[in-house]
Amino acid sequence: MPSITRDQVKVPADVMPEVRETYIDNYLKATRNTGRLMLFACDQKMEHLNGDFYGEGIDPSDNDPEHLFQIGQEGVIGVLAGQRGLIARYAPDYPEINFLVKMNSKTNLVKTAQDDPYSPQLHDLEAVLAMREAGVNIVGLGYTIYLGSEYESTMLAEAGELIAQAHANGLIVVLWIYPRGKAVADEKAPALIAGAAGAALCLGADFVKVNPPKDTEEATSAQSLAIASQAAGRTGLVCAGGSKADAKEFLSNLYDQIHVGGACGNATGRNIHMRSLEEAVRLTKAISAITLADYEVDDALAVYNGEADFAL
Amino acid sequence: MPSITRDQVKVPADVMPEVRETYIDNYLKATRNTGRLMLFACDQKMEHLNGDFYGEGIDPSDNDPEHLFQIGQEGVIGVLAGQRGLIARYAPDYPEINFLVKMNSKTNLVKTAQDDPYSPQLHDLEAVLAMREAGVNIVGLGYTIYLGSEYESTMLAEAGELIAQAHANGLIVVLWIYPRGKAVADEKAPALIAGAAGAALCLGADFVKVNPPKDTEEATSAQSLAIASQAAGRTGLVCAGGSKADAKEFLSNLYDQIHVGGACGNATGRNIHMRSLEEAVRLTKAISAITLADYEVDDALAVYNGEADFAL
Amino acid sequence: MPSITRDQVKVPADVMPEVRETYIDNYLKATRNTGRLMLFACDQKMEHLNGDFYGEGIDPSDNDPEHLFQIGQEGVIGVLAGQRGLIARYAPDYPEINFLVKMNSKTNLVKTAQDDPYSPQLHDLEAVLAMREAGVNIVGLGYTIYLGSEYESTMLAEAGELIAQAHANGLIVVLWIYPRGKAVADEKAPALIAGAAGAALCLGADFVKVNPPKDTEEATSAQSLAIASQAAGRTGLVCAGGSKADAKEFLSNLYDQIHVGGACGNATGRNIHMRSLEEAVRLTKAISAITLADYEVDDALAVYNGEADFAL
Amino acid sequence: MPSITRDQVKVPADVMPEVRETYIDNYLKATRNTGRLMLFACDQKMEHLNGDFYGEGIDPSDNDPEHLFQIGQEGVIGVLAGQRGLIARYAPDYPEINFLVKMNSKTNLVKTAQDDPYSPQLHDLEAVLAMREAGVNIVGLGYTIYLGSEYESTMLAEAGELIAQAHANGLIVVLWIYPRGKAVADEKAPALIAGAAGAALCLGADFVKVNPPKDTEEATSAQSLAIASQAAGRTGLVCAGGSKADAKEFLSNLYDQIHVGGACGNATGRNIHMRSLEEAVRLTKAISAITLADYEVDDALAVYNGEADFAL
Amino acid sequence: MPSITRDQVKVPADVMPEVRETYIDNYLKATRNTGRLMLFACDQKMEHLNGDFYGEGIDPSDNDPEHLFQIGQEGVIGVLAGQRGLIARYAPDYPEINFLVKMNSKTNLVKTAQDDPYSPQLHDLEAVLAMREAGVNIVGLGYTIYLGSEYESTMLAEAGELIAQAHANGLIVVLWIYPRGKAVADEKAPALIAGAAGAALCLGADFVKVNPPKDTEEATSAQSLAIASQAAGRTGLVCAGGSKADAKEFLSNLYDQIHVGGACGNATGRNIHMRSLEEAVRLTKAISAITLADYEVDDALAVYNGEADFAL
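Residue numbers (the numbering used here), protein chains in the order written: chain A, 1 to 312; chain B, 1 to 312; chain C, 1 to 312; chain D, 1 to 312; chain E, 1 to 312.
Rather than coming from a laboratory, the hints here were simulated on the basis of the structure. Just so you know, not all the hints are guaranteed correct.
Note that identical chains are pooled: a pair holds if it fits in a single copy or bridges any two copies.
[Stated by the list, open to error] Derived PhoX-like pairs: lysine-lysine, alpha-carbon spacing no greater than 20 Å straight-line:
#1 Lys10 <-> Lys188
#2 Lys106 <-> Lys182
#3 Lys214 <-> Lys244
#4 Lys111 <-> Lys182
As the structure is a computational prediction, the values presented were derived from the model and not from experiment.
Just chain A, same shape as in the assembly:
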């Protein structure tokens, strides 16, 4: 079972000395002292509007946003990622959750065929620091970059500055990087995913969330992911969970991403919150069992099926 000490945290040089201990605290909280990240993605209410929360195949409880926080509290996660406003509304009742503030967001109404994607920063970092100061348990930031968009430059600049400021204030940063735009023919080409991983490193992110590369004739998704994980260097790579899938297949893929693909975590949203509270909680535990405790797939599946419990 992976476990790291304070001394083993690789603190980047842009973490100012006076916040070094804060950064280490946040890094260990987010990774539950493992160096691995289990990120519960709760930013889709803006990104996908209500489509991920209400409709066929989605548990009715998911339409109430508090569902997300209940899962975050009763399940086992590293961080709950959501927009600042969402967190501000519920955080007072969920003080134990580690929050990661997703700094930018867009809706899915304008498609790439109409205009390349740009996801704007929704507020200054100061607003996040003030909330932390007021007692909200914020451990880090998130930001999405659409690499290859005609607006790539704005997102690179916003992300670059945010990472510098976040580290200077002891916060960790997770980048979501998705190649997308008229210039991008194949968003999941292995070389592109590896490129996204390296770009995150150049910007100084602590973790980068990417989509799993597609399977090719030369390599499986997990094998290609291993190249990307290495290209990310000291930035930890985590895979997006994607749309709702069968639990066994999902956990199996996750296992391969970590043990073949060198991923150091996962970022999962829909697969979790579209289920009932009880089932969602079990799934977070199963995912965390693999991500944070190196469980085998079958053992994790037993956790999901309620045949075993998992706690840290």
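Please arrange chains B, C, D and E on chain A, whose structure you already have, making use of the hints.
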């Protein structure tokens, strides 16, 4: 009759401790101690130019902007929403009205076919805070977002930052969210309205004003609104009043929006101010009777018809 | 003859208490204690380049910019409106003139068919305040908005912020509002002019300069102007003088604008400065006689013809 | 021979009292106590890249940028105008030269047919003030505006703010104004040149550099220039030297620009620096003899031919 | 062997007196006391994504970003240039390397046919200064300008301001200047390369990295480079190394660039890091032998072949 105490106000975590009491004061003033919002919308002189204020079917008194303030004073409302400049000109003579400063506005001259809509922020928050400091009874801010516009990103960013700053200064925030632009085929589709409600929550708004969803084969407008109200979570949803309608039908719809649709208020402009002062005042009372005091439709109609009075 | 006292000045609520007396001073200086505005427009050297100052039908003295200041000094005006730089060059020799700094300007080289109009703010307000501090007799600001331009949003935002800042510093503000752009089919339609007047009120302007509405089958220009004047509420409406016209016709129109149309002043440039100094001075006096002293047209014409003098 | 005293300098009202003496110092240094400006234009290394410095008809010494400074030191000039970076590299070895920092620049790679011209401000004024503070002999700023470009608004705004700030810090300002862009059919039409001159005045420039108007059936270039010089009012007009020409013709044109056209100086680059150091030095003296000392053409030509010397 | 003393460093005038010694320190560190620059370019993980680090013909070790730092430590270089984030991640373990922070970057996904290139500044200078303050051995900045791009203006403005600020803080600056965009037909035309060199001087850069000019009928690449080197004046010109080439040819070209072309250094990335650590280290030594110690080609080749060692 709905009524909440100071302790029951759900203060979001971005309200800084030193302005917590101010926020609660403003929330209770705006909702008249009910948690429900009766918003008198007086921002259309910019949005619709003079078309809502002069012409056939409009009482001549509506052409004089002071009409709005007279209604606000003699009627029963929660807040009067208008642009900063408009409020600055009349507020000294109407000190009792609760003002909500509409921070952005556009005219209706450029249509969506020519360019997607963008409504610019008209001034910094500092200008509002200074007016409050100088004694104007300002309880909150308003901001309009056209979701799905090609300029959505600018409005999301302006709104996101404004909400953070407003809460940090003890002000409440109402978002007007309308899906609109070349990418939006059906502005009143139920799923879109629910999406708009959730987006407001992600941004941290206290209330969101949306258009009522259209009736569909599966659900009435009020039934669909119930989904949107739930999707808004701890952000209160209020419905736009729309163009001038028959009073009975209007009040009946409002009743359903609240009691079927889960709305916690209304936002009405033209339906009120296009009438004579006396009639307009009676309509505000009838609306408030439903919104703030859970009147039945017929009882509210009696208020509108002058057969009964309503006061808080 | 109109005359107002300090107590009668309607001070808007965004004038901070510490500059209240300054604002009243400036308002009374600009209106010569009448509440009416005679604005001598001297900003066309940028707006129309040299076309209004040299050529057929223009007195040769008009090519020397000092002509404008000589008229301003020897004639009777409320304020001389010009760009900051122009005023800076001549103000030391004309300390008695009340100056209104026109904050934005564009040339007429790019036509609407090529691009919608945008007139940029030429400098920060600080530059104006510094000049005032250094002793220049500046009483207010001016700003032009092209309503209906694709760049309307930028101008609304610049104007909105400037008005807030100007009032906070005790300065009055005059907006020039012209509907113009590909979306505007008829720039002088009565409803549009009334809309422009209301927009100025929403922004908080003290005065708004509009073009006279066109004559229609339903109403004369002056009758339509009356609707616009009422729609402007507590913002005073003044009419642009337009291109050079016969003095009698010009004065007659002005009289109607005030006495039928409810205008509270005028804004005239070319009609004045295209004439010789002596004739221009007489015309300012005739205009002021109507605007500031309620002269009849014939009496004002006598002033223009040198048969009578006019002074305040 | 023109000569002015400190008292005769027309100090504009935006020069703050505490820097009044500095402004007068700079004005007199730049004009060599004459009120006339001999500007040696050395900004073309960016504007025209290396095309003006290397190739047929250009002295080989011109390829070394130090050539410019050697001319500036050994010749007779008012100011040497160049970009901040260029000046920073050589100023320590040429402490006697009066430097004018050209604040904006573009290359000539993108032609007007592809995009209208915009020349960006290269740095804040603070960078210039710091260099002055550190001992560099900077007397003023320069800025280029392409009037009629679709980007005119950005340049007007940058120039307007720079002039305010420069004067507030005691620096003089020279505007280069060239009508250019898809909207400009005839860049050298006399009315346009006069318009450019007036626009410079509205912005508050001390001097404006324009191209000589073209000859027309009605007026020679110099006669049209006289209109423009008058339209510039208290802003001094100087003519661009243009591409390399025969010395006699060049000096003859300059003489007419001053004595017929009312110009108060010249701005010359290529005509000077494309020659060998020795010849270039003689040409600066000949130019200055006409500009600063009212020499006749033949006397100035004798200076150029080395038959007479000229010094101030 | 070139060698310069502290007194021989030409300190530009925008280096403030209080950081003069810091600037000289940085200049001498970067040039290893020679005035010549051996820049190891490690910014391509963003610029070329992972294409330069993984694939056919590339040593597998290159996929791990730490490879770059190992080369930088064991080889002989002047500076290692990379993005701030990349440096922040590894600098704590490589304290001896001189770092040059590449301030802007873009990916290669959007091609010029789709949109002209713009490389955005990734963060403020403050973020770099803070890292330096915290102990990272940063000697300077880098910035890329695509001259002739439609976004040239933004890059010129960002670079111009950065150079002023960097010098004011004692840092050296290297500009990468590449003519590129729809307006640029021939990116390596000798006159363009010379123009780029001169533009760097106008902006005040310490060094400019350009591509070698192409061979023409009139001149070899190195001969044309000599013109560009002279046009750069006091800004040192260094050549980009380009794609991976045979070592002998590469060293031979470098020799000519310096001894014929007047270059004062080189900037090489792919040619070095695509090799195994051991081979890459030897190549850095061979390059430095020529650049910093005036070795002949054959002697440098012996170093590359491991037949001789090179150290400073």
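Tested hints:
{"no.": "1", "hint": "Lys10 <-> Lys188", "verdict": "neither (29 Å within a copy, 43 Å between copies)"}
{"no.": "2", "hint": "Lys106 <-> Lys182", "verdict": "both (18 Å within a copy, 16 Å between copies)"}
{"no.": "3", "hint": "Lys214 <-> Lys244", "verdict": "within (17 Å within a copy, 29 Å between copies)"}
{"no.": "4", "hint": "Lys111 <-> Lys182", "verdict": "both (11 Å within a copy, 11 Å between copies)"}
In this structure, the one hint that does not hold is number 1.
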